[in-house]
Amino acid sequence: MDYSSLTDQQVVQLAREGRERAFRELIGRYQRPVFSLIYRLVRDREKAEDLAQDTFIKVLNAIDRYDPAFKFSSWIFKIAHNTALDHLRRRTPDTLSLDGSPHATSAAETEATTITPESQDENPEEYTLNRELGSEIETAIGTLRVEYRTAIILCHVEGRPYEEIAQIMAVPLGTVKTYIHRGRKELMVALEHLRV
Amino acid sequence: MSEMKHPTAEHLEEFVEGALPVRERVVVELHLPGCPSCQTQVEELRALFGALSGLARFEPTVGFVDRVIVIHALENLEEFAPSAVFSDRVMASVKVPQSARQSDWQSAWKKQSARAGALISHVSPKSSFGWAMATVMLAVPMLLGGGTVAWLLSRSYVTSSGLWAMTTNWIIEGLQGVGTTVVGGVMRTDLAVWTAANITEFMARAGFSGLGLVAATGAATIMLSSWILYKNLFRTPSREAHYVSYSF
Chain A
1 MDYSSLTDQQ VVQLAREGRE RAFRELIGRY QRPVFSLIYR LVRDREKAED LAQDTFIKVL
61 NAIDRYDPAF KFSSWIFKIA HNTALDHLRR RTPDTLSLDG SPHATSAAET EATTITPESQ
121 DENPEEYTLN RELGSEIETA IGTLRVEYRT AIILCHVEGR PYEEIAQIMA VPLGTVKTYI
181 HRGRKELMVA LEHLRV
Chain B
1 MSEMKHPTAE HLEEFVEGAL PVRERVVVEL HLPGCPSCQT QVEELRALFG ALSGLARFEP
61 TVGFVDRVIV IHALENLEEF APSAVFSDRV MASVKVPQSA RQSDWQSAWK KQSARAGALI
121 SHVSPKSSFG WAMATVMLAV PMLLGGGTVA WLLSRSYVTS SGLWAMTTNW IIEGLQGVGT
181 TVVGGVMRTD LAVWTAANIT EFMARAGFSG LGLVAATGAA TIMLSSWILY KNLFRTPSRE
241 AHYVSYSF
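Sequence order for the protein chains is A and B. Read in order, the letters of the first sequence correspond to residues 1 to 196 in this note's numbering. Read in order, the letters of the second sequence correspond to residues 1 to 248 in this note's numbering.
Simulated restraints on C-beta separations: (1) B:Arg46 with A:Pro68: 33 to 39 Å; (2) A:Asp64 with B:His6: 50 to 56 Å; (3) A:Asp64 with B:Ser37: 53 to 59 Å; (4) B:Val90 with A:Glu46: 40 to 46 Å; (5) B:Ala81 with A:Glu46: 38 to 44 Å; (6) B:Arg46 with A:Leu173: 23 to 29 Å; (7) B:Thr40 with A:Leu173: 28 to 34 Å; (8) B:Glu10 with A:Asp64: 40 to 46 Å; (9) A:Thr143 with B:Gly63: 29 to 35 Å; (10) A:Arg91 with B:Ser93: 46 to 52 Å; (11) A:Arg145 with B:Gly63: 30 to 36 Å.
Stretch by stretch, here's where chain B covers chain A in the computed footprint (C-beta under 8 Å, at least three residues): (12) 26-32; (13) 52-65.
With a straight-line Cα cutoff of 30 Å, these simulated DSSO-like cross-link-like pairs (lysine-lysine) come out: (14) A:Lys78 with A:Lys177; (15) B:Lys5 with A:Lys185; (16) B:Lys95 with B:Lys111; (17) A:Lys177 with A:Lys71; (18) A:Lys78 with A:Lys47; (19) B:Lys5 with A:Lys177.
Hints listed in this document are in silico derivations from the structure and should not be mistaken for laboratory results. Every residue gets a Cβ at the ideal spot worked out from N, C-alpha and C, and that includes glycine.
Working from the sequences, and respecting the hints, build out all of it.
Shown next as structure tokens:
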């Protein structure tokens, strides 16, 4: 059977029967969109891969509970989005800075909480990040609020309609339109210096 | 369309997206040639849309699909149940160390001692005055009894053997009375008196050997009762309880 010619719903049906090839087909179809969305949200390749892996495990474990009334893509993006958001909420806020902690009460504490870059060379992670997310547009996307970023990526990169984005993000349609409009506005301001 | 009626930013976005209804789209198209400001906005939006749509999708590292499949399979490995008698077999082969048994007995003893201590503490006097009153309550009968005996023996018409005989007679009659009262609930009173009298006669005739036999039987009964109480009240009978209590 040629799985690649089947619709998502047909592959899901086969996956529900426990067929490993159907699992592989679903992961193969969505690994890049899911990984890309998560990577752009968390901006850490290794963490994004872990979260994408978690997303697919959740999808495969809950495949019996998937409601075919909804698009499979909406469901999988919703799980990916929630997984990334959970990670971002749990993440410890950065407390170190190049200028030392703002809560330092003495010169010694300030010095202890100050990061001194020892080398200007990029480490492998920074190199990857700069190469993949280092372009002007990616940097600008990285400055957006997570809600705006998610909506912009789903709209422009994944080409999802507003209604589907509203389902994925679990917000009203009007809110999605606002997110996208404000996101675009902020991007245009961030990229203004590039205009001749 | 005059410059005072610029399309809104949202309208221009929808125009660039191609999502504007035909009628509004025509209005914007007619407005744009005469409005450099809106033209600039549209161009900027088109440039942004172009840049965004050109963004690449990233690829996870090689072997991602295999890793997900393996992890999913591992997480969903079937659990096999042993036969119904498995736990019985295991527990049958578990040997509880002697030291563990002892510690179990000791802990039971400690527990019961603590209970007894608490009971004694509960009924004990709580102040010096209380202790003094308790001492008086015990001492007064003893002093009265002792004084009475001494006074009686000081009389010329009372001998020690006569006093002993009289006292033991009283005790025996008292025991017979207690026996009649206790047994009377289930036996006829005359039968109870007859039984008590026979027991007394037996003791008088049998002497020390008969008394020893009765005492030995009583002691054996008490020991047997204590052993049954210990086995059933102080010890936990189940093996599972031993398994939980002791770490092998």
